[in-house]
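**Student:** Here the structure of chain A is known, so what remains is to put chain B in place on it, guided by the hints.
There are 2 protein chains.
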Amino acid sequence: MRQAPRGNVAEAARTDAVSPTGADAAGVATLAVLGAGAWGTVLAHLLAQNGHLVRLWCRSTDVAAAIGRTHRNPAYLPDLDLAPSIAATADVAEAAHGVDAVIMAVPTRAMRETLGRLPPVPAVVSASKGFAGDALTRMTELAAAAQPWAVVAALSGPNLAGEIAEGLPAAATLACSDAPFARRARTWLTRPTFRVYVSSDVAGVEACGALKNVVALAAGMLDGLGLGENAHAALLTRGLTELVRVGRALGGEERTFYGLAGVGDLIATCASTRSRNHQAGVRIARGDSVGEVLASGVTAEGLATVVHVHAYAAATGLDLPISREVYRVVYEHKRPLKAIRDLMARPPREE
Amino acid sequence: MRQAPRGNVAEAARTDAVSPTGADAAGVATLAVLGAGAWGTVLAHLLAQNGHLVRLWCRSTDVAAAIGRTHRNPAYLPDLDLAPSIAATADVAEAAHGVDAVIMAVPTRAMRETLGRLPPVPAVVSASKGFAGDALTRMTELAAAAQPWAVVAALSGPNLAGEIAEGLPAAATLACSDAPFARRARTWLTRPTFRVYVSSDVAGVEACGALKNVVALAAGMLDGLGLGENAHAALLTRGLTELVRVGRALGGEERTFYGLAGVGDLIATCASTRSRNHQAGVRIARGDSVGEVLASGVTAEGLATVVHVHAYAAATGLDLPISREVYRVVYEHKRPLKAIRDLMARPPREE
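From first to last, the protein sequence lines are chains A and B.
Adding 139 to a residue's 1-based position in the first sequence gives its number in the working numbering.
Adding 139 to a residue's 1-based position in the second sequence gives its number in the working numbering.
Chain A on its own, in the form it takes in the complex:
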């Protein structure tokens, strides 16, 4: 493991004791990014470029060792030259010891277990998009349960990791009910090409981030079938309605659905061949089974999210036609073309 210089870590920890900002006089924070997938790797890189002391936790000791040795992540974005100050480790407790915040970038299915291995930390920022169960438990709710003393926040927005790694411009939303923490975390993350906006609507931001992956599966199927931009746009418009319904049910606010973390993330995720959920939809439309998609190692969060959303809709009576059709295709062998047709053929209504 590459270690952050011990002296600096100690200094950051000491300053923490006297400064409520959790950073030393120069504004240097000590931060752990948990999860070295594409998004976690890029976030660690952004934070380190801003001069913060960054530990990157990798599930695999081999990946941690490779990052320490080569400053590249062999598993994700292997061409990205990582800031050499990033300290990679395969030890969660070591990564999170004495930090100002942990940024959670693990797959949502691993969220609860990873949170359970953390020492007490002052703040947890979730960068993972999905739900933890059929009651649509949000990632920050898991974080708050695991660390009741911590500030919790969610980071979301149209953030295809590969583009950010290439230095292309992007914007994100940091949602937190603690405004001073949100402003501080914004300074950690903001780069000339990465703008961070602050929101107080954690539930709305997380609901959108989870739901858009389900719509992206449907958009991938539609695009894989070659149905065109008009149909794609109509599907996204209906998808936005579904984000709004679930987001409202979870207590989110209207303006969130129509902002970066809502429609913005929806557009980027559904447009891009870089989105794993969209890719998974394309592959399913072309005849691959879900088993094959999963076996190829792709983490398409929408495949798990749709199970929870489908169960939630059944329990609450919420009308979520896209989620229903995606569920039927993915888990009940419905033909994608039939599912898309059934979506399009719903009775006309007043708009």
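Some clues are possibly wrong.
List time: in silico SDA-like cross-link candidates among lysine to any residue, alpha-carbon distance up to 25 Å [unchecked claim]:
1. B:K473 <-> B:E431
2. B:K473 <-> A:T332
3. B:K473 <-> A:L307
4. B:K477 <-> A:G301
5. B:K473 <-> A:G306
6. B:K477 <-> B:R463
7. B:K477 <-> B:D427
8. B:K473 <-> B:L364
9. B:K473 <-> B:A434
10. A:K473 <-> A:T438
11. A:K473 <-> B:G306
12. B:K477 <-> A:P331
13. A:K477 <-> A:L433
14. B:K477 <-> A:R330
15. A:K477 <-> A:T380
16. B:K477 <-> A:G306
17. B:K477 <-> A:T332
18. B:K477 <-> A:K477
19. A:K477 <-> A:V429
20. A:K477 <-> B:K473
21. A:K477 <-> B:T332
22. B:K477 <-> B:R425
23. A:K477 <-> B:P331
24. A:K477 <-> B:T329
25. A:K473 <-> B:P331
26. B:K473 <-> B:V446
27. B:K473 <-> B:H449
28. A:K473 <-> B:H449
Some chain B residues judged to face chain A by a derived CB distance under 7 Å, without partners named [stated by the list, open to error]:
29. A204
30. A205
31. A372
Derived by calculation from the structure, the hints in this document are not laboratory data.
C-beta atoms are modelled at their ideal positions from N, C-alpha and C, and glycine is treated no differently.
**Tutor:** Structure of chain B alone, referenced to chain A:
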């Protein structure tokens, strides 16, 4: 000119006198589509496929003659085999005589003059997207001024004409304050692959249809510069805010902005290489002057719309940063990259 069978026209006209639906017992309507660009041509084709008596007015006598002879439009979508019953003519008065409705698909700059040449008609449906002046006069307002006795309506939505010509599925919104007419016109247009929804918010639908072309110019510039999907999605999110601001100022309703005619049309127009406004933006980003774009015969409505919107913002104080930057690039020689950077660099705000 190919004539619609005279007997049927007479029958339709006669039935009109006794039936408030404006169609004969079999539901056959007599309709004029004015403007034989891509959209007008496809609309005429859809209506004729539904068995209606369709006259298609072409500005050019040569195009009218060619359509009559070959059932193809040599100028737009030349591969589309048009329904042979379409009667093409270069005479506006002849096209509009005794019809149940005219569908206006002329460039917005030609709208006022074309409306001025119409005989009295019972209904005018605008399928053109733009404003008539710096007060943002809408196309249906021009129609109502020209034909005070007529029902007026607007057709909008994510409707790239080329895709509809290929039979790919699409959905549209027909906006009209006269609900019975809207339902009737919906039956004229609806096809198995073309779904029509009804709205009462004419102002909102028209505002969105006009504004999205300006955002598409900006999106084309951004895409022409290769700035990626994240930035594209962030731009569209801000563009939606601009649709909402202008739409509200013109009396439109919130739900319209987030429906097919709002965010739906915005996504399709901004995504597609088939959109002339997006194409124009790409060309401008790559160094073509506006003069060159216009000289190539491209009708990119956004190039005119942005002039009116810019003047309107100056007069009303409305904050429309995308429209302002597009105006500066197109008419004040600002560099596209500088304009996009200035847009991205606006101070962070609470989302």
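**Student:** Please go over all the hints and tell whether each is borne out by the structure.
**Tutor:** Each hint, compared with the structure:
no., hint, in the structure
1, B:K473 <-> B:E431, "holds (16 Å)"
2, B:K473 <-> A:T332, "holds (21 Å)"
3, B:K473 <-> A:L307, "holds (21 Å)"
4, B:K477 <-> A:G301, "holds (24 Å)"
5, B:K473 <-> A:G306, "holds (24 Å)"
6, B:K477 <-> B:R463, "holds (13 Å)"
7, B:K477 <-> B:D427, "holds (16 Å)"
8, B:K473 <-> B:L364, "holds (14 Å)"
9, B:K473 <-> B:A434, "holds (20 Å)"
10, A:K473 <-> A:T438, "holds (22 Å)"
11, A:K473 <-> B:G306, "holds (24 Å)"
12, B:K477 <-> A:P331, "holds (14 Å)"
13, A:K477 <-> A:L433, "holds (23 Å)"
14, B:K477 <-> A:R330, "holds (18 Å)"
15, A:K477 <-> A:T380, "holds (21 Å)"
16, B:K477 <-> A:G306, "holds (17 Å)"
17, B:K477 <-> A:T332, "holds (14 Å)"
18, B:K477 <-> A:K477, "violated (46 Å)"
19, A:K477 <-> A:V429, "holds (17 Å)"
20, A:K477 <-> B:K473, "violated (49 Å)"
21, A:K477 <-> B:T332, "holds (14 Å)"
22, B:K477 <-> B:R425, "holds (13 Å)"
23, A:K477 <-> B:P331, "holds (14 Å)"
24, A:K477 <-> B:T329, "holds (20 Å)"
25, A:K473 <-> B:P331, "holds (21 Å)"
26, B:K473 <-> B:V446, "holds (15 Å)"
27, B:K473 <-> B:H449, "holds (15 Å)"
28, A:K473 <-> B:H449, "violated (50 Å)"
29, A204, "violated (31 Å)"
30, A205, "violated (27 Å)"
31, A372, "holds (4 Å)"
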